[in-house]
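From first to last, the protein sequence lines stand for chains A and B. Note that my numbering has the first sequence beginning at 696, numbered continuously upward. Note that my numbering has the second sequence beginning at 10, numbered continuously upward.
Hints in this document: simulated from the structure, not taken from any laboratory. Errors might be hidden in some of the hints.
In silico DSS-like cross-links for lysine-lysine, where the CA-CA straight-line distance does not exceed 27 Å [what the hints assert, rightly or not]:
1. 334/B / 444/B
2. 805/A / 499/B
3. 805/A / 520/B
4. 471/B / 815/A
5. 558/B / 805/A
6. 697/A / 827/A
7. 515/B / 805/A
8. 523/B / 544/B
9. 523/B / 805/A
10. 468/B / 763/A
11. 766/A / 471/B
12. 634/B / 558/B
13. 220/B / 421/B
14. 193/B / 220/B
15. 144/B / 115/B
16. 544/B / 613/B
17. 544/B / 790/A
18. 634/B / 790/A
19. 272/B / 245/B
20. 738/A / 790/A
21. 815/A / 193/B
22. 555/B / 815/A
23. 508/B / 805/A
24. 763/A / 471/B
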Amino acid sequence: MKILLIEDDAIEIMKFQRTISSLGLNHEIVEARNGEEALRILKFKEKLPDIILLDLNMPRINGLEFLKILKNDKTLRVIPTIILSTSRNDTDILKCYEIGVSGYILKPLKYEDYVLRLEKVLIYWSINELYK
Amino acid sequence: MLEKNIEKSTVELSKSIEELRTVNSNLEKLLVEKEIQLQGVYEDISDAYMVMDLYGNVLKMNTAAIELFGYNIENEEFNFRELIRVDDFDHALNYYMEVVEKGFCKNYKTRINTKSGAVKWIHINGSIIFNNKNKPIAAQGIIRDITETNLNMELIEEQKTQLGIIVNNSNLGILLIQSGQIIKTNDTIQNFLGYTEGELNGLTPTDISFKEDFYRYQDQLKEMEIGTLDNFVVEKRYRKKDGSMFWARTNVNAVRNLLGELKYKVILVEDIVLQREKTLMLDLINDVAKSILGKMDIEEIAWEISRSISEFLGADDCVIYIVNKETKDLEQIAAYRNNLEGKKQMINKLGIPLGSGIVGTVAKTGRAEIIGDVTKDKRYIVDIVQMNSEISVPIISNGNVIGVINSEHLEKNFYNKEHLRTLENIARLVTMKLKNAIDLRERERAEQLSKKLLVELEKSNKELKDYAHIVSHDLKSPLRSILALTSWIKQDYADVIDKNGIDNFKHIEDKIEKMDNLIDGILNYSSIGDKYISKTKVDLNVIIDKIRKIIYIPSHIEVVIKKNLPVLFGDPTRLQQLFQNIMTNAVNYIDKPNGLVEVDFIEKENYIEFSVSDNGIGISKEYHKKIFEIFQSLNDGESTGIGLSIVKKIVDLYQGKVWVESEVNEGTTFFFTLKKNDN
Numbered sequence: 696m697k698i699l700l701i702e703d704d705a706i707e708i709m710k711f712q713r714t715i716s717s718l719g720l721n722h723e724i725v726e727a728r729n730g731e732e733a734l735r736i737l738k739f740k741e742k743l744p745d746i747i748l749l750d751l752n753m754p755r756i757n758g759l760e761f762l763k764i765l766k767n768d769k770t771l772r773v774i775p776t777i778i779l780s781t782s783r784n785d786t787d788i789l790k791c792y793e794i795g796v797s798g799y800i801l802k803p804l805k806y807e808d809y810v811l812r813l814e815k816v817l818i819y820w821s822i823n824e825l826y827k
Numbered sequence: 010m011l012e013k014n015i016e017k018s019t020v021e022l023s024k025s026i027e028e029l030r031t032v033n034s035n036l037e038k039l040l041v042e043k044e045i046q047l048q049g050v051y052e053d054i055s056d057a058y059m060v061m062d063l064y065g066n067v068l069k070m071n072t073a074a075i076e077l078f079g080y081n082i083e084n085e086e087f088n089f090r091e092l093i094r095v096d097d098f099d100h101a102l103n104y105y106m107e108v109v110e111k112g113f114c115k116n117y118k119t120r121i122n123t124k125s126g127a128v129k130w131i132h133i134n135g136s137i138i139f140n141n142k143n144k145p146i147a148a149q150g151i152i153r154d155i156t157e158t159n160l161n162m163e164l165i166e167e168q169k170t171q172l173g174i175i176v177n178n179s180n181l182g183i184l185l186i187q188s189g190q191i192i193k194t195n196d197t198i199q200n201f202l203g204y205t206e207g208e209l210n211g212l213t214p215t216d217i218s219f220k221e222d223f224y225r226y227q228d229q230l231k232e233m234e235i236g237t238l239d240n241f242v243v244e245k246r247y248r249k250k251d252g253s254m255f256w257a258r259t260n261v262n263a264v265r266n267l268l269g270e271l272k273y274k275v276i277l278v279e280d281i282v283l284q285r286e287k288t289l290m291l292d293l294i295n296d297v298a299k300s301i302l303g304k305m306d307i308e309e310i311a312w313e314i315s316r317s318i319s320e321f322l323g324a325d326d327c328v329i330y331i332v333n334k335e336t337k338d339l340e341q342i343a344a345y346r347n348n349l350e351g352k353k354q355m356i357n358k359l360g361i362p363l364g365s366g367i368v369g370t371v372a373k374t375g376r377a378e379i380i381g382d383v384t385k386d387k388r389y390i391v392d393i394v395q396m397n398s399e400i401s402v403p404i405i406s407n408g409n410v411i412g413v414i415n416s417e418h419l420e421k422n423f424y425n426k427e428h429l430r431t432l433e434n435i436a437r438l439v440t441m442k443l444k445n446a447i448d449l450r451e452r453e454r455a456e457q458l459s460k461k462l463l464v465e466l467e468k469s470n471k472e473l474k475d476y477a478h479i480v481s482h483d484l485k486s487p488l489r490s491i492l493a494l495t496s497w498i499k500q501d502y503a504d505v506i507d508k509n510g511i512d513n514f515k516h517i518e519d520k521i522e523k524m525d526n527l528i529d530g531i532l533n534y535s536s537i538g539d540k541y542i543s544k545t546k547v548d549l550n551v552i553i554d555k556i557r558k559i560i561y562i563p564s565h566i567e568v569v570i571k572k573n574l575p576v577l578f579g580d581p582t583r584l585q586q587l588f589q590n591i592m593t594n595a596v597n598y599i600d601k602p603n604g605l606v607e608v609d610f611i612e613k614e615n616y617i618e619f620s621v622s623d624n625g626i627g628i629s630k631e632y633h634k635k636i637f638e639i640f641q642s643l644n645d646g647e648s649t650g651i652g653l654s655i656v657k658k659i660v661d662l663y664q665g666k667v668w669v670e671s672e673v674n675e676g677t678t679f680f681f682t683l684k685k686n687d688n
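Could you put together the complete structure from these sequences and hints?
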């Protein structure tokens, strides 16, 4: 799978990378440090990612704003987007589903728990039929 | 001797008698002579002629005298003195003595009663008749009946007096002009102009007029001069001695001699200021009443008032002030000003503090004022242009000054009592209207303010919530990073880290875990009042079962539900938070080998009282209130100190109460009430 990870925190990126490699998975990871960068990548790359993992709290264009732009774009809106967030806030969760996300994963406190969760997410999306 | 004496006396006597006889005969002779003389002269004259002796006995009278007195001496004797009226007797006697002394009299006037009883005024020219020894022996006189003439004179005199009274008491000022000079004036015009009679005599009409008005009547004056006009009326101003002016209707009349030449001009001056003003003031009040009819907006009303006053009074400006209750300032809400560019609305935004300046004083005291010369009044504040006179009238509602009508003029002493009365009437007239408008404005302002506050409150509430979430995210992220990093170090350096190192990593992990719990607690606490409270049927038995699975209950502790719990109508998440926090608390503080937690309730009329009791360590009395405050934890173990404050907040949300009963080492019971549902 080609995965676009939109995350501003360097350690979070390292966590994700380390998870992928420790699980021995073979996914193509594209990183974007914020919403703007992600949009640039999405506009100019010929091949679109299969899924997008999106952190909600980011500087400049925050996660929700990026989500809105994404879901208003005819081409990009089909890409399944899964939220990675520390926020358990009901309003946030509701808004994300209203705009149209394919999942909302809480970042657990412990790294070990994180690995377990991410493994499940990646396995799930790996077995999904995706629009190419 | 005696005989001689007698003889001598007799001779003297006979001599005397002889003398007397001679005198008598002379007198008779004289009389006869005179009679003959007079007969010819007086008999036929139309005036009455009469001769009488020195005692007033009439000796002779002509036909005219007979007609005048009604007596005829040929038929009866009569005495002239008896004809004189008693009132005039003394006067007549004095006169008579004078006549006797001087021998003649002229122009004596007296009243007599005729035989028929009529009273007649007579005029006498008389003289004394002397004998040849120059002794008065009789009086004669020509008597003229002047009754009618005298009556006419009297009438004229009376009319003159009456005329004088009329002239001097007239409301009309009267001036008599001869050859362009004032020669006579009455009291009224003297009062009008402030001059004395003496000062006015010798002045010309020009001296008391204004050149600017001359065009109004110059043509008529010319016509009067050439004789083609005898009367005209003009409205013109008069200049008083003190330099001020007044308006008057002037009636000019020509008095001509028989040749038609202009002899006098009589000028009647009618002060029409009062009348003019009365009409004007009435019109003004009407105008204000009409123009504010149906208006609700305070500025619109004030504008109409200031416009009307300014126009009708010819004032240079009129400003309406409103008392601002909060700032204690006077605020201009309408200002009609008359300046070079014409009339326009110009508001000076600067507020005047109550008690400051003339307007401020009037607003404070509630007493109207007229200032004839503001340059001599220290309180005067120049608004936009320096003025010279001012009138300031308070608008009073229920004893409180709610505003002030203020008008100024470039001329000194412009405003009079009539203006004051009118402005006071207007103030009364507009009070209700203005009060309502002020109330309306205040209500609108208050509504706007509360609307604004509400918006701000909502905004700040939302910001606060957002803030809590953002902060908690920002706090949570680093914790996750730290745990990831420690985990990696443990993995990557497992070979070189000894047991002590592993233990220290464990401490780090525990502390971070506690911190994460704390953050979640704050987040929960702050989100209790969040969004709407959902209302669904909540079976508390189900909730308790859920909680049993979530919280860790050691095997030595038994949780007992005393009886089947009720079904409430409420928000399931919050109700779960409520019970979960209290039950966690109960379980956590049990130090006995056989722990017991009991959940029970009592149904009251309007609410349900729940109780959760334990046989734990207990809480000493001084903390019974404090434990519900946020971050108050009685020991620093697992507790974050947020749990019970969440309980309190949720109970408050359901308009209930929460309290605690406890014995140290015996156990604790938490009580809380929840309002029964509406349905």
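Results of checking the hints against the structure:
no. : hint          : in the structure
1   : 334/B / 444/B : 13 Å, holds
2   : 805/A / 499/B : 13 Å, holds
3   : 805/A / 520/B : 12 Å, holds
4   : 471/B / 815/A : 35 Å, violated
5   : 558/B / 805/A : 22 Å, holds
6   : 697/A / 827/A : 11 Å, holds
7   : 515/B / 805/A : 12 Å, holds
8   : 523/B / 544/B : 33 Å, violated
9   : 523/B / 805/A : 12 Å, holds
10  : 468/B / 763/A : 23 Å, holds
11  : 766/A / 471/B : 26 Å, holds
12  : 634/B / 558/B : 30 Å, violated
13  : 220/B / 421/B : 21 Å, holds
14  : 193/B / 220/B : 23 Å, holds
15  : 144/B / 115/B : 21 Å, holds
16  : 544/B / 613/B : 21 Å, holds
17  : 544/B / 790/A : 21 Å, holds
18  : 634/B / 790/A : 39 Å, violated
19  : 272/B / 245/B : 24 Å, holds
20  : 738/A / 790/A : 25 Å, holds
21  : 815/A / 193/B : 128 Å, violated
22  : 555/B / 815/A : 26 Å, holds
23  : 508/B / 805/A : 20 Å, holds
24  : 763/A / 471/B : 21 Å, holds
Of the numbered hints listed earlier, those contradicted by the structure are 4, 8, 12, 18, 21.
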